[in-house]
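Here are the chains, one letter per residue:
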Amino acid sequence: MLEELEQLHEAALQQLAAANSGDDLDNWYKQTLGRKGSIQLLTRKVGSLAADDRPIFGRNVNIAKKALQEAYDARAQQVKMAELAAKISAEALDVTLPGRVQPQGRLHPITQTMRAIYRVFGDMGFQVYRSRDVETDEINFELLNFPPHHPAREMQDSFYTNTPDVILRTHTSGGQIRAMHEYHPEPIRVILPGMCYRNEQITTRSEIQFTQVEGLAVGHNITFADLKGTLTEFARRMFGEERDTRFRASYFPFTEPSAEMDVSCFLCDGDGCQVCKYTGWLEILGCGMVHPNVLRNGGYDPDTYTGFAFGLGPERIAMLKYGIDDIRLFWANDLRFLEQF
Amino acid sequence: MQVPVSWLGEYVEIKHTIEALAEVLTNAGLEVKTIDYIGIPGADLEWERDKLFLAQVIEVEQHPDADKLVLATVEYGANRPKTVVTGAPNLFQYVGAGDLTERRIFSPLILEGATYYDPYKNKRKTTLKGRPLRGIYNDAMLCSEVEIGLGDGHDGIILIQEDAYGPKYVPGTPLADVLGDAVLEIDIIPNIARCASIVGVAREYAALTGQTVRYPSYDVVMEGARVGDRIVITTGNPEFNPRFCALLIEGVSQKPAPYWMQRRLKLAGQRPINVMVDISNYVMLEMGQPNHAFDYDFLRRRADAYAPDGPVQIITRLPHDGETLTTLDGEVHKLLPESILVTDPLGNLSLGGIMGGLDSEIKDETTNVLLEAAAWNFINIRKTGTALGMHTDAYFRFSRGVHPSQALLGAKRAAELMRVLAGGTVARGIIDTYPDVPETVVVDLDPVYVRRLSGLDLDSAEITTLLQRLEFTVEPNGALLRVTVPDHRMDIDGRHDLVEEICRVYGYDRIPSTIIADALPPQRGNPELEGEELIKDLLAQQGLQEIITYRLTSPELENKMLVTTAPDDRPYVKLTNPISPERRVLRHNLLASVLDIVARNSRYQERICVYEIGQIFLVDEEEILPEEAAYLALAMTGLRTNAHWQQDDSAWIDFYDLKGVLEALFGRLRVSVTYEASTHPSYRPGRTAKLLIDGQQVGWMGELHPLVAEALDIRLEKGQGVYAAELNLPNLLAAIPGQTLFRPMSAYPAVREDIALIVDSTIPSATVEAEIIKAGGYLLQSAELFDVYTGSQLSPGKKSLAYHLTFQSPNKTLTDKETGKQRQRIVRQLENTLGARLRE
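In order, the protein sequences belong to chains Y and S.
Counted the way numbering that gives the first Met the number 0 counts, the first sequence spans residues 0 to 340.
Counted the way numbering that gives the first Met the number 0 counts, the second sequence spans residues 0 to 839.
In short, the hints are calculated from the structure, not lab data.
Heads up, a few of these hints could be off.
Rough simulated footprint, nothing fancy, chain S against chain Y, three-plus residues with beta-carbon under 8 Å [to be verified]:
hint: 1; region: 56 to 65
hint: 2; region: 90 to 103
hint: 3; region: 176 to 188
hint: 4; region: 286 to 298
Heads up, the beta-carbon is just placed ideally off N, CA and C, and yes, glycines get one too.
Just chain Y, with the same shape it has in the complex (with noise of 0.2 Å):
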């Protein structure tokens, strides 16, 4: 019986050498150390062994048991590792296929802009405040200090309706009027953004509707130095650390004194180019002390308070940006322009 043990024992190591599948493996395993294998039919036979040797025999058996159970298990373990590798080696890909892009949605560029002077001025503690896009003359011009047939009202051409005095607006800052009007007397701090619009030419450079982003800061203590230094943080924020500013004197209606920014050439680093029309200077927005009789205007008194406004266009900061040479590509909205921002 013994002899018989050591024969299967053999026997079943081979045929485990010879298992190259999971298939190959079961089979032996039944063959084997199942409830019907060899081994397991071979303990059947031990009545037939006399009293003392049956001890003995059963000890051979677990040992052989417990061998071929660590042979199976490391013979099941090289099986398994043979397969993944073939696995792999026939299922390698080409990993520069195109993968599978999902529809991408996007803002529209001049949103991401507005997004990006939000953040900035946001974290200044100024705050969005929006108003109407259809606006009287007496809000859009007269309490901005636009006296009628003033030759300021020559620099924005108005949009007229069929209702008298009233006009699309030509610039956001009507809003200051509204802003004034709501939060006197206390003080203020926010932008105005919004759709205006000019009866112009439409050109590669003008539109006859854009955005503007107006700012209003009133307050008991507000100063032209405040001013440029509020405002050179919003260039460097926007346009980079090392960016300069440049404040050179300028006229609106509505300020005094007033002045326009220009930003050092973030395309050329002021060295001058084509962008910069070799200036080394990007002009970026006006800006001045609200004019006193736009604060009484407004509610306040000038002898107590002061207060700064400022103006840029979203669009001019995305076409700057993004090296865009035609404004009329915003409204278009060819997706082929979109998809690119």
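Starting from the known structure of chain Y, fit chain S onto it as the hints suggest.
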């Protein structure tokens, strides 16, 4: 405004390079738009200092072998004069005139090897080479305007006649030092009307550099007979015509103006005409006062008709009813009631401050001139000039404001130049009618205010110095400064204006940059904007592209949305001055704008999924301003997914793609929206739903009506539809719950049961689902539709809806018996309410 730097330099010393000068002016608010260089470094053609000289013409002789050539001998600073061969027609007059030295005639001379423009090839550079001309070797050239880039003239060489009044020339001076120049183009924004003259710009530069202006002389030598009662001037409307100055200049003769004057006019953008017209323009450009010369004999002849023994009468007045005016250019103009006229008793002579009349204008034979320099109300001039479309140089200045004090100075300056340059005699006596003298502006300025507004810490002495540089008079007045504003500063009317002047002269760049120290105002946020921005993000996340369209549109475009029904008859906000018919009203319909963009893209794109949030404009009969309502519109068409190498043709986007986008949007906003089958003229019947929140309609969705898609010219393939939705944004935002509470996850397992119910096809699935949820009780977590079947296995008019039901208890593991019971209840309930039958 074109400012030749050489001219500017007559009134103030230029202490900067051209570029630095431009920057100084720009920073002070006189923005230099362009710099045009002539002959000096920076110019396209730089005049070589050792090859281009000013030469004096000494003698002109006929070429011995050529009728059409002369030999001109010129002095140009070298040891020996040079003789050049030239065909210049304007030299022939000097042939045989002998020695010309005393006549002081000069011309630019180019030596061999110099670069110049080939006169026959537009600004092509060439090099002068010596060559014999009819036997006489020629190695230099006297040149025309075009050859050195001074202008277009090529009829002859440039001949410069020195005169008593103009500059003195030295032969041999490098040409760049005589005619080299730079012209600054300055943008005259409304508050720097005072700089619409060379003296005006000089005054600014002087202030910025701490200099005093060398003003032109306003003295006039009056040696003629007294004006006396020969002329009477009446200003009928002083509010429109506060001052009228006139001088009589007799015996002038018409001829070309001297070279230096013509050259300045040309550089400043004025075409020289003749000495009298040129003087008028020159004075306007020089010191800013427009002026007008009448033919005095013409006026006198008219006076002979209305008052043979009386004076010439000049009356400024408003027009009579129906009165017209024929201007210099021969145009007949209708007049505004407030257009002020210069007239005599027989009729009008010119449009005050804007343009002269045809008949009274000086002519070549005019010898006696009545010179007018007046002041006009700038608003009145602006209205008239704009209405009549007459944007003359005088209009440019008067419509921006010229102080009445300038009128007398301008009149004297022009008269003196006419005396000196046109050989006139100025009659003694200036007629100066000045009924409305403006008050001098005096401002009390508190140095504390200067600091409060500018952030600059300047003391009274510093403020005084800065203002004095701009010709303000400053005296102490207690703790304040009493500042008297000079006449030419019509833009100054308050202390804030003075702060700008102080900052400008001090230098904007020297003012510190500070962070606002003032208290932060209350921070309110903007929930409406935040809601909008959230919706934009949620739609972009779902693969839709945001667009921004024109809010100006046409009724025709919008009515394409309604081709299946009657056009929109609600009134529009209309523009009275549209730039095109396509942009003549403010829109009623955001979706129409969005679909127009879909149509434009449909030529290029296989998949178009776009949305916009924007305003529509509805006329409100009760208010003067329209209602501006924010809407969300979205449109989807084309292929559902991007093409990919591994899959077959992608299916078309359909109704349920759109609905899925909306459901996901509402789900993320936590807004509960119901969809109710309905009809709308823009949408395809049977595929249209009304969107409701709490029973209130907030919008529409569905497949666009095929006829609407066709009308909008959206290009579609077979089987492709356009799916669209529009929502009232404030209603949607208002439904977003302010607060969402966390719901704990059950620790006990969920049990899933499937159920298929057969109902009438007409019953909406939403109704079935609502009944299931109602019957399922609190244990039913969700009912998810996974199959809809109609077909041969069912009787006609029936459909089968199959749901995954998920049961879960928050506090125990559910048994089969318990879920079975719930399922039974659902089936029974639906049998009762909807006549449903369980599909086995």
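Subject >> Within 8 Å of chain S's CB atoms, at least three CB atoms from the region 56 to 65 of chain Y: coverage verdict >> reply: violated (count 0)
Subject >> Proximity test - 8 Å, beta-carbon atoms, the region 90 to 103 of chain Y to chain S, at least three hits >> reply: holds (count 7)
Original post:
Per the coverage rule (Cβ-Cβ under 8 Å, at least three residues), is the region 176 to 188 of chain Y covered by chain S?
Top reply: Answer holds; 5 residues pass the 8 Å Cβ test.
**OP:** Would you check chain S against the region 286 to 298 of chain Y, counting CB to CB pairs closer than 8 Å, and say if three or more residues qualify?
**Re:** Coverage by chain S holds for the region 286 to 298 of chain Y (3 residues, Cβ < 8 Å).
In the structure shown, a violation is registered for the earlier hint numbered 1 alone.
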